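Trainee: As a plain string of letters, each chain reads:
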Amino acid sequence: MPPLSFYLFFAAVLFCTGLAGALSRRNAIVVLFSLELMFAACHLNLIAFWRYGPQPELYHGQVFTLFSIAVSGAEAAVGLALILRIFRHYRTVQVTEIRELKG
Amino acid sequence: MNPHVTAYAAIVLLPLLAAAVCLCLPASRRAWAATIAVTAMAVSFAGSMAVLIRWLSGMTVHARQWNFDWIALPADPIRLGLLLDPYTILMLTMVTGVGLLIFVFAGGYMHGDPRRGGFFCSMSFFAAAMLGMVMSNSMLLLLICWELMGLASYLLIGFWFQKPEAAAAARKAFITTRIGDLGLLAATVWLSNQCGTLLFYDNGNGLLEAKNLDLLMQAGMWAGMGFVFWIALLAFWGAVGKSGQFPLHVWLPDAMEGPTPVSALIHAATMVAAGVFLMVRLYPLLVLEPVLLGIIASVGAFTALFAACIALAQRDIKRILAYSTVSQLGLMMLGLGVGGPAVAMFHLFTHAIFKALLFLAAGSVIHGTHHEQDIFKMGGLKKAMPVTCLAWGAGYLALAGIPPLAGFWSKDEIVYYAFKASPYLFAMAWATSLLTAFYTTRQFLLVFFGKYRGHHAPHESPRVMTVPLLILAAGAILAGLLGTPWKNLFAHFLEPGEIHDATGLNVVIMLVSFLTAITGIVLGWFLYGRHPEAAAAQDPLQRIGGRLYRTLADRLYVDEFYAATFGRLILALSQLAATVELVLEFLNRLLAGIAFGISWAAQKVGDQWMINGGFDFLCDRVRQKGAFFAALQTGKISISLRLMAGGVALLGLLLWMLH
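Here the protein sequences line up with chains A and B, keeping their order. Quick note, in numbering that gives the first Met the number 0, the first sequence goes up one by one and the last residue is 102. Quick note, in numbering that gives the first Met the number 0, the second sequence goes up one by one and the last residue is 658.
Note that these hints are calculated values from the structure, not bench results. All of these numbers come straight from a predicted model, not from anything done at the bench. Where hints are given, some of them may not hold.
Stated by the list, open to error - Below, in silico cross-link-like pairs of lysine-lysine (BS3-like), each with a Cα-Cα straight-line distance of 25 Å or less:
id, chain 1, residue 1, chain 2, residue 2
1, B, Lys376, A, Lys101
2, B, Lys624, A, Lys101
3, B, Lys376, B, Lys450
4, B, Lys162, B, Lys376
5, B, Lys450, B, Lys381
6, B, Lys624, B, Lys635
Claimed, not checked - If you want the footprint, here are the derived chain A segments under chain B, 3+ residues with CB under 8 Å:
id, stretch
7, 10-22
8, 91-97
Here a beta-carbon is modelled for each residue, glycine too, at the ideal position from N, C-alpha and C.
Extracted from the complex, chain A is given alone in its bound form:
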């Protein structure tokens, strides 16, 4: 079995990829994708910590992650619906163009 740090490193890379995408991309859909990547990294961390944690024989970590995946799926559906409404309203999904909250 690879060491824990392997998984953590991989998750960190995944997380940073997602973060970079979320910060730099203009298309709201791609931003949503990037958020999903960050979610995936978190899930991976959860699983890794469970497996290498004190009680890998209990399945809490895995079940917890499954729940988390289901929740993030629901969240993605809400996010997409929001983007759809935003597109209807502004005729664009470029996040730089949507700035009505400017102070």
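Based on these hints, arrange chain B on the given structure of chain A.
Mentor: Frame of chain A, contents of chain B only:
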């Protein structure tokens, strides 16, 4: 892990890897995409051949399975598995073999397309999903691959998404097959609920093994039929969606909007074959319910005849082939219902070869005539495109059912079993054969004979496109000999130990089949071959058929029917929702109005002269002071996100330093 299993899994993993690599190719290395995809497919094909040879040489004689835990829950682990049995081996060889030729062809066809990387990524992904489906030993893994294939078909049919028709066709294909998938999902959940496992074979504990089949037989009843009937019916509904059976066939002809290699892949090796394969895989379950087999056979026979009728009056070269696919898939379902899995698989196998051939040849014709698809604007191409014409001829005769070409043997077997089962099914299969021979002749004569009626000079396709055609043509001529009624090697391979050689009555049926095909061809020649120019100017069928021809050309108004029923229903529901929203809006306005009135009165009395002055003064001061912070609110989401990320990072740093 067992090295054999690893090697076996590599057959599906290689195309998947190729898909990933193609996706990551930088723009400057785009030309490599075709090479990568073809190489992966070739290695997979070699692997499949190795598995086949090992099987034939008797090294592995029993069906074998490798199961593993996917989600290792303590009480009830969710298990997936791979399966190695003759059906899987056959499908693997066919998918990788036909797929390889299609990929090579696509390398020529898509040459110079700026999005080749994405194209070959999706194609490899499609093939990998299909391979995964055929080798999965678990209903769950099968369902996963089944859905992945749906995604791949969506991406590929809508590959030219700039065209609104292509985008619409992709959506239609996805949604229509989803309606079917729902049935398969329900069947999966139900099976899991009844048997507690989703593995097909598991040393006696699998779904398709005696113990669980008995259990299913004794399971409850609903509406006069056993649970097993409803489960199998739901699974069949999934196959109806995927394999384009009536009434969910509407997506298949529209799927022609994708590039031609995609059509060949969808119609021959993957996707539509998946539904038939699912039925073959679940056959031990289906056979428990003879009523269900009757339903499958009837739906198949009806689809076959129905689609063959529509194909008569189509003008688009690919659309004719698409309806012919729907029709042939109907025959496969009929064969499954009346003759069992070996019969259906044989037709699936031969059909894959000659339909891939016909689609690729159609691609070659479209390529050669500068993207013309109307057969009435072609003609006389046999001089300009001799190789394509030759290959098409082989595919045409195979589809029309002329012995000893591939289509004859497999179709004859289905007709034979239909005859044994019921005179109605036989009549439908017979009529389908006649119509098939007729419309393929019509298409062949209009495309390749007479004078050229287009505007751009046609040219033969490059060798990278014609060589796969010739290989497939050789297959279309020879493949049927594997399953002649006298020595049915094919069925022996699939179901060893059972008697398949049927002579006697079969000879009469064969003669009838042959005469039917000849009649169809002569009729076709009579209408389209004698005076090709007159026939091309006005379709003789239109003269004869009149209104009926119009109805057929408009595809029997199935799409219009759906638009008028389901489309209307959804429209009505959304209008209802809009009305509800209007009422809510009205209540909202009313409440707002009342609140406004009250506040207006309160304002007049108290606010305006008592509080406002002081408050406004305060506000102005706050705003002045807040200008600096307000400037931070740029309203740009990305900047807010960046600030947030920076804040989190700072917090993390702080925590780290505190420790």
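Trainee: All the hints need checking, so say for each whether the structure fits it.
Mentor: Against the structure, the hints:
Between B/Lys376 and A/Lys101 the CA atoms are separated by roughly 60 Å; this puts the pair beyond 25 Å, and the hint is violated. Among the hinted pairs, B/Lys624 with A/Lys101 is consistent with the structure: their alpha-carbon atoms are about 17 Å apart, no more than 25 Å. Restraint check for B/Lys376 and B/Lys450: the C-alpha separation of about 10 Å stays at or below 25 Å, so the hint holds. A C-alpha spacing of about 22 Å is found between B/Lys162 and B/Lys376, which places the hinted pair at or below 25 Å, so the restraint holds.
Distance restraint check for B/Lys450 and B/Lys381: the Cα-Cα separation of roughly 10 Å lies within the 25 Å cut-off, and the hinted pair is therefore satisfied. Pair hint B/Lys624 plus B/Lys635 holds up; C-alpha atoms about 22 Å apart against a cutoff of 25 Å. For the stretch 10-22 of chain A, the stated coverage by chain B is satisfied: 3 residues place a CB nearer than 8 Å to a CB of that chain, which reaches the threshold of 3. Look at the stretch 91-97 of chain A against chain B: 3 of its residues bring a Cβ nearer than 8 Å to a Cβ of that chain, three or more, so the hint holds.
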